[in-house]
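Line by line, the protein sequences give chains G and V.
In terms of our numbering, the first sequence opens at residue 1 and continues consecutively.
In terms of our numbering, the second sequence opens at residue 365 and continues consecutively.
Calculated from the structure, these hints are not laboratory results.
Some hints here could point you the wrong way.
Straight-line Cα separation of at most 27 Å, BS3-like style, residue types lysine-lysine; simulated pairs [unchecked claim]:
1) K1029/V to K992/V
2) K352/G to K1010/V
3) K1010/V to K943/V
4) K943/V to K97/G
5) K628/V to K989/V
6) K115/G to K943/V
7) K628/V to K995/V
8) K959/V to K1010/V
9) K833/V to K795/V
Which stretches of chain V does chain G cover? Using the computed rule of at least three CB atoms under 8 Å from a CB of chain G, they are [to be verified]:
10) 814–823
11) 962–970
In this text, all values refer to a predicted model and were calculated from it rather than measured experimentally.
Built from N, CA and C at the ideal position, the CB exists for glycine as well.
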Amino acid sequence: MSRWAFVDDQPDPAATVADELSDSGSNFEVFVVAPGDARQLLLDADARVDGVLIDVDLSDVPGEHGSGPGIAQDIRINQENGTLSAYPLVRFSSRAKVLANIGGDASSDDLFDLKIDKEVAVRDIAGFRCRLIGCSEIYRHVGSSPSFGIDQLAEFLGLSVEALENWTHPEFITRAESARSDKPHIAAGLIMRVLTQPGPLIPEEILTVRLGVDRSSAGWPALRDALAPARYIGKACEYFDLWWARGLEDWWLDSEGADTPLSSMTIEQRIGQLAGNHSGLHRLEMPPESLGTRPWRLCALSLEEEVPSVIPLDPTFGVRLANRGNVAPWVDPSYAALGIALQRRDDPRLNKADLERHAALWQK
Amino acid sequence: MAEDLFFETDAAIIARLGLELVAKQETALIELVKNSYDADAKEVEVVLQSPSPSKRALRIKDNGVGMTKQELIDGFLRLASDMKVRSPRSKLYGRERAGRKGIGRFATHRLGDQLTLRTWTGIASCGYELSVDWRRFTSGKALSTVAVQVDEIEPGEPGTTIIIEGLRDDWSDEQIRRCWRGVLALQQPFPVAPVEADVRSDPGFEVRFLKEDEIFHDETLVADFQSEILDHLHAVIELIVDENGVAEWRIIKNKLGADRPWQKVHHAHRDAADPPAYNHLRNVWMTAHYVILAPDLLPSLVYTRVRDVLSDEGGIRLYRNGFRVVPYGDPSDDWLRLDEIYTKRSLLAPLANRNFFGVIEVHDRSGTMFEEHTSREGLIETPAFLELRDLASAVLVSAATRISEDRGRRVRAGTIRPAPAPITGVDEIKKAAEAAAAAVERAAGSAQGEAAQEAASRVTEVVRLITEKSAQLAAAEERLADEAAMLRFLATLGMTTAEFSHETGMTFEAFRLDFDAVFKAVAKVDASDAAFQARAERARGMLERLDTLTSYLNSLAAARSARQMRPVSVKALIRRFEKGVGAQAETQHINMDIKVPPLDPLYTRPVHEAELASVLLNFYTNAVKAMKRAKGDRNLLIAAGREDSKVSIRFSDTGDGIAADIKDKIFEPFFTTRVAPPAGANDLEHAGGTGLGLWIVSQIAANAGGEVNVVDAPQGYSTCFELSLPADEDSNV
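Go ahead and model the full structure; you've got the sequences and the hints to work with.
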């Protein structure tokens, strides 16, 4: 049984979310803890929790002066000095509260293994639960690994050593190897970032974009099965539906027999190539806000909206977004589709040079 | 040797007591009218008679219970009688006695030299006439030696008539009116029908003051309820439901604007041009006087009087088959929920019970529509009663809103409200200029030459200009004060909404999750119940849509708190709007077509983004109503583009269009063609249809340097609003 604590200042809605997330079939239980009690419970070395969900703003509790990141920092310090066992921390707050209390300050980002928008998450409770259990599993597996030599790391990720070296990033391997076994939260955090931030591993939305395929195509499930060689099969893979980005490219050249890298081909060319081996596929349509014919990424700004939109993006015509805080070198750069970037031109993360260059093109 | 002696009373004590106890002539007359009230009179008529200029008299005639001979002796001739102490309530209707103990006879002395009192009980075989010549009560005589005459007279209808001759004072109309106001508290506003079938129930008390013309001896009315109260109110609202259940209402005698002709109405079909008949309600008449209790809208003397009367008596009373049904319209009764809604909404249009003065009469001889509680305390809430309550409140609220709209127009024209306090300094400048003008004129009068004349002429022109501009400033100040009041109200509403909206987010989500859990649990119990499954699915779908819309509105409320103005991408705005209301539109079977340029973000000059979002919401809600009325395909086209230095949004719908004669009025405050919801409807319903929506839109457009217009609709659409705003002068990057 995996037991998670949910630290929140609104007991009723929190209890509802906890009840929904708890699932005896999955051996997963969530219980609500008021902020004051959380400090007593979670900082006690004998506390048995497998993960903690923490709201950012806890001010609804009378007399409460602390915050979610504050509690998270205390937990991490105690995990660092060995007083507490390692378990995942998940920031679980509404977008408005995050904006009001954290804004663009990335200093607390590294405390959390996942940062989840409450209102989005509760629309897909099963998917959310799956990610939390996956997170717990990663911590559990990391905790049971004596160290992260390259062999262990490859095995952990379900790759051969050669594939690990080709499909991931040297920096990632170096950091994983240097993670001390007595501080599993560091290694687990590293793994979680690989699993949750597009880079070496990509989710299905990006996979279809790179293939130039409409995800609603009848032939897509079969093609997805055909992509098994690139699928993530490492630890906790049942909780993370991911594909190796380099694995996809290898598959493209090796299995599909293409002689041009996927990223260099237009949607038409990708679909044309796939049509040789697969049926029932429709081409991906680029929305008018997104220029180009070689989609590779998703518009990050559209994904941040209250009702997120998945907008494919051709980096040639995309507008780069500056990263907040420290982003690992293996993580894909963030882009915004030109049309969306123009609508949000005051976003300080937008690369002004990109924006002006592309805008000049369409204005002509 | 002891001797028994007795007090003796000098006859002059009568005169002394009369003058000391009743100092003012009005008080004396009021006391006599109060005596009529105490005698259970239904009507009293006070006539100032003028048989000749030198021989004037007062006649006070009531239709009370009259006096027997003994009562006359005990009540009138026995000084310091304790009759009123022994019987604090009147004998027929149980009225609490209003007259002061033993003052009546002295009052007659205070008013004139000679008194003739005639009284009939209607039971005795004769009446009695008492004659008193007060001049005979002179000093030096024992009181018991001055006789007064009591004669038997012919029998007559019950009542008492007092005639006072040899009047000591003159009577102006204003003094007479003061007397009427002095007995106002005794009068019922609606004495026209009995309260109930019980003959002992108080039918009310009405006082009329008349004055006889000295030449023709015609009696003219000086003061009664109509002249002193009703004639000052601002409008009359009438409602009729005929024998087929068709309801119509109108506004007449509107002092603040134009009358409104009869128009059909059904509170549940508020947007319908030809609303259906009521299912249960028949044969109803309502007449309600309406007043805005503002000191600037009523003569100063009238204001206090009307306010006091209406605070006690305001409301709408209900009469069934000619008999009043209590407690409807009593001071503590709010059966039409007018007080409740006014208190809750803080609407600008005053529509509490104290703003109305009216009756509803229902004819229901067969007793099929209404049924009284066995306790005789009100009616059972039959379908007809519920229809009546909702219809009446909808009409009253609609009328109050229309009259507020009229008031707004009049305010702009500067014809109703007195000018507010002038802007500091302007008044002083004006006075100084007038003084200068007078000085120059005097100097010019004594001086010779054209230069002096020209100086006088120029200074006069300066004074004229200052006066004119001062008036313009005063009018502008008044308009701004009015707008500021309205904006304060809306700001309060907005702040309240914003304050609470962000709290709804997770609560709403949690509710949805709990609902799902309950649904699943119940569904497990009987999975074969297809009807339940369908219903639960429907509820789940509705919750989802409500959730999306709530999220959008919450985001608007959150954006509203960011007060900084900045360029807004109209394209992004429309995109968010589409996401926010799309699900709701689907439920209304509305096809929403968006046409925006693929890349041009269409930036405006700095504005409040939330304001532009509220413009779209306003267009949308108006369009939905119009399309529902039109009963055809429901298509919306939202197009945005750029032309010259403007960006525009064109919002088109397939509704029932806007009549040509109101196109120029729709952006005015309080203008609405919609019937108000019943007072008991929820706050959400009341928040709409106030007639402020398009006015706010026009204000937003104007403040942003743009405009909003009704323009020719594209092919296939009936109405098109165009919001045009200055484009951002910088490049779009």
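Against the structure, the hints come out as follows:
With a CA separation close to 22 Å, the supplied pair K1029/V and K992/V stays within the 27 Å bound. A hinted pair counts as satisfied when its Cα atoms are at most 27 Å apart, and K352/G with K1010/V qualifies at roughly 25 Å. Restraint check for K1010/V and K943/V: satisfied, since their Cα atoms lie roughly 25 Å apart, inside the 27 Å limit. Of the supplied pair hints, the one linking K943/V and K97/G holds, its CA atoms being roughly 22 Å apart against a limit of 27 Å.
For the proposed pair K628/V and K989/V, the alpha carbon gap of about 18 Å is at most 27 Å, so the pair holds. With a C-alpha separation of about 24 Å, the suggested pair K115/G and K943/V falls inside the 27 Å cut-off, and the hint holds. For the suggested pair K628/V and K995/V, the alpha carbons sit about 19 Å apart, so the restraint of at most 27 Å is met. A threshold of 27 Å between alpha carbons decides the hint, and for K959/V with K1010/V the separation of about 17 Å falls inside it, so the pair holds.
At most 27 Å may separate the alpha-carbon atoms for a hinted pair to count; K833/V and K795/V meet this at roughly 14 Å. Counting residues of the region 814–823 of chain V whose CB falls under 8 Å from any CB of chain G gives 0; the rule of at least 3 is not met. A stretch counts as covered by a chain when three or more of its residues have a beta carbon under 8 Å from one of that chain; for the region 962–970 of chain V and chain G the count is 5, and the coverage holds.
Checked against the numbered hints listed earlier, the structure breaks hint 10 alone; every other hint is satisfied.
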